[in-house]
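Protein chains: 4
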Amino acid sequence: MQLPTPVYKPDFMITRASHLVSRVRNLAASKAFYCDLLGLVVSDEDDNTLWLRGLEEACHHSLVLKLADEPAVERVGMRVLTEDDLDLAEQHFAAAGFPTAWVEVPYQGRTLHTTDPAGTPLEFCATMDVCERLFAHADRYHGACALRLDHFQIVTPKVRESLDFYNSMGFRLSEYVVKDGNLEMVFLQRKGNPHDIVFANREGPRLHHCAYQVPETHHLMHVCDLFVVGDKEGQVEFGPARHFSPGLARFLYLRDPDGHRVELFPSHYHTIDIEEEPVEWEAPGFKVGGWIVPPDKWWNDTMAFTQTAS
Amino acid sequence: MQLPTPVYKPDFMITRASHLVSRVRNLAASKAFYCDLLGLVVSDEDDNTLWLRGLEEACHHSLVLKLADEPAVERVGMRVLTEDDLDLAEQHFAAAGFPTAWVEVPYQGRTLHTTDPAGTPLEFCATMDVCERLFAHADRYHGACALRLDHFQIVTPKVRESLDFYNSMGFRLSEYVVKDGNLEMVFLQRKGNPHDIVFANREGPRLHHCAYQVPETHHLMHVCDLFVVGDKEGQVEFGPARHFSPGLARFLYLRDPDGHRVELFPSHYHTIDIEEEPVEWEAPGFKVGGWIVPPDKWWNDTMAFTQTAS
Amino acid sequence: MQLPTPVYKPDFMITRASHLVSRVRNLAASKAFYCDLLGLVVSDEDDNTLWLRGLEEACHHSLVLKLADEPAVERVGMRVLTEDDLDLAEQHFAAAGFPTAWVEVPYQGRTLHTTDPAGTPLEFCATMDVCERLFAHADRYHGACALRLDHFQIVTPKVRESLDFYNSMGFRLSEYVVKDGNLEMVFLQRKGNPHDIVFANREGPRLHHCAYQVPETHHLMHVCDLFVVGDKEGQVEFGPARHFSPGLARFLYLRDPDGHRVELFPSHYHTIDIEEEPVEWEAPGFKVGGWIVPPDKWWNDTMAFTQTAS
Amino acid sequence: MQLPTPVYKPDFMITRASHLVSRVRNLAASKAFYCDLLGLVVSDEDDNTLWLRGLEEACHHSLVLKLADEPAVERVGMRVLTEDDLDLAEQHFAAAGFPTAWVEVPYQGRTLHTTDPAGTPLEFCATMDVCERLFAHADRYHGACALRLDHFQIVTPKVRESLDFYNSMGFRLSEYVVKDGNLEMVFLQRKGNPHDIVFANREGPRLHHCAYQVPETHHLMHVCDLFVVGDKEGQVEFGPARHFSPGLARFLYLRDPDGHRVELFPSHYHTIDIEEEPVEWEAPGFKVGGWIVPPDKWWNDTMAFTQTAS
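Protein chains in written order, with the numbering used here: chain A, 1 to 310; chain B, 1 to 310; chain C, 1 to 310; chain D, 1 to 310.
Bound conformation, chain A alone (with noise of 0.2 Å):
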């Protein structure tokens, strides 16, 4: 597999996986699955809008849910580091051919809405109001505990496509799958561990989960556990169980009240040298649980994009 060569000086610096805007059907239905039982705290919120953090997360929101008619995802949320890199991101991308548009966001710096090869609706910013991370609040810290938003997973035909535009922007491959000699799916970072951005190889652009990191592999049990109570098992969906890739992390699969999945796990590792060539993978011999087979479900149900003009 001929793989892009990194590129270790971006001319601007991406920095993380930051946020997700979605739509939802029910707030006061979301807020009980997000923070009762995932351990999310509420930032602000209105008739019809929740601003979510991650209880070790000092940024205002890691997750923003809508009240609409039908669920669906609006933004796929990055930081870049300064508001110069802002504007170069700007640049850019319309020098890619794609829209790019200056929009106010509550909450939020100066925002820049555009899109990527796949189709993503992507939205960057440089800063956020702050808020306080509650780690000296451990009387806070109940459910799944929640600490930080990691990483998306898209679905799309356009794996290469995105692989190399996502290289040029100083991503790094990290691990990556091969079925029939082409690339099924690629694992992208840029804060240091294996993945923010995730491209697999289903028809889209659609979403298929955000991700949070939990403190230990008690709390994928716990929560489990506070889906049973008040019979809402369906909304657990995979594991929990370790995947193979990246870096054979422990997970579990949670279904929210709209359908949006998200993925729980409680570590992975660090990868920041430039000497480590990325992990190859080949389908079928890779297991996707270790010892559990996903539900079709699972490798189905997918979100739409709103795909709402950049």
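Since the hints were made in silico from the structure, they are not lab data.
Possibly wrong hints are sitting among the right ones.
Which copy is meant is left open, because identical chains are indistinguishable; a pair holds if it fits in one copy or across any two.
[Said to hold, decoys possible] Below, in silico cross-link-like pairs of lysine-lysine (DSS-like), each with a Cα-Cα straight-line distance of 27 Å or less:
| id | residue 1 | residue 2 |
| --- | --- | --- |
| 1 | 232 | 297 |
| 2 | 179 | 232 |
| 3 | 232 | 31 |
| 4 | 287 | 297 |
| 5 | 179 | 9 |
| 6 | 66 | 297 |
| 7 | 179 | 66 |
| 8 | 232 | 9 |
| 9 | 297 | 179 |
| 10 | 287 | 66 |
Position chains B, C and D relative to chain A; hints supplied.
Relative to chain A, chains B, C and D alone:
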């Protein structure tokens, strides 16, 4: 459901599920499974037999594996408190019309062979040789860190007869499952947690599983990882997840190289006082695996007893 | 060390350490400590009394806290199996020269007050009202998730007399500590783990601590975090660490707002069979806290009994 | 407290704390400590040197131990991103008046020796030989399961100078402690968690500790148990408990056979965005060990650098 009257002061004292005697086809493969992966300790071994105990057991063995051409279970072992209790047990089984025999068993005191209404081949003794509990040897804790044998599950169409007979010997019913007005499952205990022996309604008598207690939830996940190493993930049958009955215990079911099933679980509630009624569960509302549906093989695969003359 | 001959078939059946009745100066502060931080459940409360139980206890209470001007311990509670055992217990204590009295206690069946050679005020009953075990309510597990009362430690110069008397009632000696040729500490049990009651050699009779079992090691660390929130870290007295005796159990000692000491521990070995000799430890080689030296207050602070007439 | 202006786009990219080069008196004893107990992996060894890495590190070594007559620290190692960054680093240190030297180091690419305002002997490289990350080998996880080197703590009276100099190279200040109006401690980071290097105000330059990340809280308790086995509990210096700064991280401090101190911790928050102000703590309100007071030796014992010419 009419339940038998509990017998709080039985004529003799059976104290606990004690040990299992099984046949396996390859002692080295069994040792790798039970010692390297589950964490059991070898008390003794020769060319034909492995005597194993849990890390915190003082008894010489809770699992005896004998080399044979075909896998099977020879005996389900229980303890009585004293030698007097052993003689009284012999009289009780003989008076109930079951064959009894006194046999010599290595590392055990005087040993009684008999059977029960389901046809389960039983073995009773009051004493065994004493081995060191390994709690002072944290360096020998590894794999699933199996601590001690806890209980057996027998499948038999004679669930009601089994309940009545074991009840007459002072076993206490902790929980039971009813299906279409009939007893589907009974959990019977002597040692103060929910079960020493369980009878479930299916063709039998055959053994469904024996169960070992492990220290904590993370040991269930860790041992699954160990099975994935070396492509043995097919032996991880069901879990980690959480039962409804008894007591919503967390569990993991594994299959040894001969197909013998072992359950691992981290903890159970205690039940000693007499004022509490047994818990009744109604099938099919009863959820076996919490958030996971058990695979068909977990329901259907069971192990024959050798049914050698008692 | 000459040890008394075990009594395997005592005349009456004491089954387990059951409950503690203590005096506190502020019920709201006690409730915050025992319920919000340790995880105990309120079975009932009025202006003068709190009745608490562990998350997986079916008995109405394992801790009764009464409003008073001075903190003290009123009674150490034990269970007998049946009402007949209660009458036989009364005869046993009366025959040994101890005062006995039948008293009415809310939520308990017939209740016997008496005392032992150390002067410990004791309370026995066969039954209590039944409450729901909360294992099906994972959403109510919080704080240290205290599951059930396990044992008491009494300090008294009469360690030998206590051993002999409790041994005569069928308590089994699991472990003991010898210092300069004398019994320094005895661990006595009825329910099959290392202890229901412990006697240690110091001025007494006074209560050193009661102990509750918690699910896993991480609960010990989590509850310490909760004490640090709100500047209560001074109530974390000793641990988390690991004892030598009994059974190298992990532990954490906390002090409630009135100075009552509570031990939390995640697990203990089981001891039911009769062939095992009690474990002898020699002080001072014996390491109390594994890798931590206990603070002086852990040795010296103990709580007076009210010593009301039995 | 006037803090230096952060440098978001430094002239060259230091990426992370990388490795430590220390002197020990007995390689076998060191190997027992670091490999058998902490869980590190031997990448290579000869009669005079041990090269060790964490279980999930791909770099050849994060700890190099050299046989010597006296224990000491030779070098604190950091990574830069590319070979170009290495040349730019050399220019930066030379321009600041520090001696620089290019040296050959086994298993490392081109290596720069220099020093900082505190006098810390530093070593920079862009690449090392690549070894296998062992996440696919759950069977090799044992002891504390140390995953990866995380950070160093240097004691020096030149805390302010160190802050200013490291800030100029793009290190970000995450937290700091003020005492009597002076900087007592600064936590500086490059890799997005609270620290790669910490400077604390005491006689120096000397090394206080290096820190490795472990998977979960229970690994801290388990490794303490391992030290108690074999009467090594004296090497468990402080913890397991929880720091206040940075980020209320759980910790355990151990001393190796030569007195080198190693911290183990299970997790830290992430800090990447620029809008968050450094956290200020005020000594003495600042609680170092949460609920445990650190022993004097934890404050006072530190390790000399060999201070060989750079």
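Quick rundown of the hints versus the structure:
1. 232 / 297: both (17 Å within a copy, 25 Å between copies)
2. 179 / 232: between (35 Å within a copy, 23 Å between copies)
3. 232 / 31: Answer is within: at 15 Å inside a copy they meet the 27 Å cutoff, but 31 Å across does not.
4. 287 / 297: For residue 287 and residue 297, the Cα distance is within 27 Å both inside one copy (17 Å) and across copies (21 Å).
5. 179 / 9: neither (31 Å within a copy, 40 Å between copies)
6. 66 / 297: Close inside one copy (25 Å), not across copies (44 Å); limit 27 Å.
7. 179 / 66: For residue 179 and residue 66, the Cα distance exceeds 27 Å both inside one copy (37 Å) and across copies (45 Å).
8. 232 / 9: Classified as neither; 47 Å inside a copy, 43 Å across copies.
9. 297 / 179: within (21 Å within a copy, 31 Å between copies)
10. 287 / 66: neither (36 Å within a copy, 34 Å between copies)
Hints 5, 7, 8, 10 from the earlier list are contradicted by this structure; the remaining hints agree with it.
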